[in-house]
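Chemist: Given next are the chains, with one letter for each unit.
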Amino acid sequence: MRTGKVFIGWVLLCVFACAFSSCKDGETKISSVQNTENTLDVSSQETASATASAPEMRPEDLVVENLRINEEGTNVTGQINDIMSIDAKLMSTVDPMAPGKASSYTATHRTFSTAQRTMFVQPGWTLIESEHIPASYQHEDEYFDVYEDSAGNQHHCIIVTDDAWYYTLRGELIYEVEVPMEYRSQTDLSFATEQEAFETAKTFAESYGYKISDFYYVDRLPFEELEISSRTIDQSIIEEALPRGWTSDQDAYIFQLFVDIDGLPMYSVGSNPLSEDHPIQTGTRIKIILTAMGVEYAHFSFQYENTTVQSTGEMCNIEQALNLVSQTIILGNTWQTPPVNVDIISLAYLGQWEPSTGAVILRPFWVFRIQETGPDTQGGHMNYYVDALSKIVTNDQSFTEPEEW
Amino acid sequence: MRKKILALLSVLIILGNSMSLVSATEADGKSDTAYFRSETRSRGAGSYGVQFDDPVGVQWSWNPVKWNTNTTYYVTLTKISYRIPGVPYTFTTAVGRNDLIFRPYTSAGVKATDYPINFRYGITDTSGEIRKTQSYAGVSAYAHKAQEYSLKCSLNSTSETSLMSFDGRFTP
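Which chain is which? The protein sequence lines are A and B, in order.
Just so you know, we're using numbering that gives the first Met the number 0 here: the first sequence kicks off at 0 and counts up by one.
Just so you know, we're using numbering that gives the first Met the number 0 here: the second sequence kicks off at 0 and counts up by one.
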């Protein structure tokens, strides 16, 4: 009985503590808003802050110390003075300290077109449904086709201006279900090893003319987890796609594949421009879902042709690129306030596109995702791009225009 | 007595979780919705792309795809904070006198609509979120079914604070 009372006492104490805490939180929020509303002299504070936060530092003072790359080549650590720590996931398919030669290329954008409408169609399929959206503005003719095979399975084939999809209803369902990261399998699925599955996905993608890098990302989704995560979506969708319910036939590998250019993968890190001349950053993106039934979902985005070498040169290495980025942060025009941490580093080809002419250029870049880590910051992040050939540094906001309102 | 309290607490926790699941599903529909975190914009720096979370946790993000034929899009902010120079970041429930402006762009890099969302004076609701809906109307040819979208955001030069940081989601 006494234990029971003590327990109740603790529960009540916790409830009061929680209530007090949320009440206090609420007060803080209100007072914060009032602070904002009452700020009168922002410009003078800005001046004071700028003076205080700009250390007397020269580019030659910035030295990468203790740069270490793990044996697998997947993680890099180091330090630049006390302004930049490096503890980053590394994605590089070549030696980051000696990446070797690479080229820059010109190419021409190519839309997915009427000629590619049947690119996924297999012999014996019958067209049973079709929606055609005629060309308008910057869009080409677009097709939403559904085929049926001899076993009665449906296959969706979609061609729009810059994207092509193939999927079965099962594949679409697996794509729609979002399995939390912690419930994705760390071990291979029973129907194929990861390597076997990758080879199948790669072969599928290459059959459409893409040269695929051996660098890829994969997620393993066990059907049990798909079933649990699918409970929040419309059950009629599941019944239509899986009349017999979830089975091990729906164990799925989801691959993100990359086009290979000179041994480097081609990425797309957002849409922010990397130069004045080409307002859009872009790249070919490929996603494939593979189950025991085969490829059940495939998405190809952005294609180009007429690739021509523009120039060839030696790429700067990771250390040189880090130095250039740290100089930009300390001496350049960026809102990020040191200290910062580099948490992702990659060496990849990035595409740039001028839609009005269709001109595409492909160049190798070191890309750094950098987050503020100071106590007065919210961990805001920004991508910095070091052109591995020209060594020009830009960031997400280098070529932005104000939004018209 | 202890068992009753524990049972009551369990029921409350389960109910709470169920309600948040339901509201998230109703609000967001299919996986057209994409999520972003720790986005920061500086006053007057211009508009640039929001980086969406990627399920694999890698550096680039897959842009959300508009599968439906709705003529509206919406942006929801789930956490907002601002920085006044010299003062630590402060969480807030209101965007205040800040022109935090979002606009979707097509994969071809053109404006998907002439009607951006401005969160100026927006205040979070009881769930701690601000959601604004806007229309593609008038330029519906820009917003196509199956089109990929990026979302660009800026903090205009007219804004009161120098930096805003925010989390949220975008449904094209």
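Hint data in this document are derived by calculation from the structure and do not stem from the laboratory.
Ideal Cβ positions, reconstructed from N, Cα and C, are used throughout, including at glycine.
Do not rely on the hints blindly, as some may be mistaken.
Said to hold, decoys possible - Cross-link-like lysine-lysine pairs, in silico, BS3-like; alpha carbons within 27 Å at most: (1) Lys131(B) with Lys144(B); (2) Lys131(B) with Lys286(A); (3) Lys78(B) with Lys286(A); (4) Lys88(A) with Lys201(A); (5) Lys131(B) with Lys110(B); (6) Lys110(B) with Lys144(B).
What the hints assert, rightly or not - Here chain A is said to cover these stretches of chain B; the calculated rule only asks that three of the stretch's residues, wherever they fall, bring their Cβ under 8 Å from a Cβ of chain A: (7) 65-72; (8) 99-105; (9) 143-151.
What the hints assert, rightly or not - If you want the ones that stay clear, here's a sample from chain A, every Cβ over 12 Å from chain B, calculated: (10) Ser84; (11) Thr92; (12) Thr110; (13) Leu168; (14) Gln255; (15) Gln319; (16) Pro374; (17) Pro401.
Chemist: For each hint, tell me whether it holds in the structure or not.
Modeler: Do the hints match the structure? See the list:
| no. | hint | verdict |
| --- | --- | --- |
| 1 | Lys131(B) with Lys144(B) | holds, 21 Å |
| 2 | Lys131(B) with Lys286(A) | violated, 31 Å |
| 3 | Lys78(B) with Lys286(A) | violated, 31 Å |
| 4 | Lys88(A) with Lys201(A) | holds, 24 Å |
| 5 | Lys131(B) with Lys110(B) | holds, 18 Å |
| 6 | Lys110(B) with Lys144(B) | holds, 15 Å |
| 7 | 65-72 | violated (count 0) |
| 8 | 99-105 | holds (count 4) |
| 9 | 143-151 | holds (count 7) |
| 10 | Ser84 | holds, 17 Å |
| 11 | Thr92 | holds, 14 Å |
| 12 | Thr110 | violated, 9 Å |
| 13 | Leu168 | holds, 14 Å |
| 14 | Gln255 | violated, 6 Å |
| 15 | Gln319 | holds, 20 Å |
| 16 | Pro374 | violated, 7 Å |
| 17 | Pro401 | violated, 5 Å |
The structure shown violates the earlier hints numbered 2, 3, 7, 12, 14, 16 and 17.
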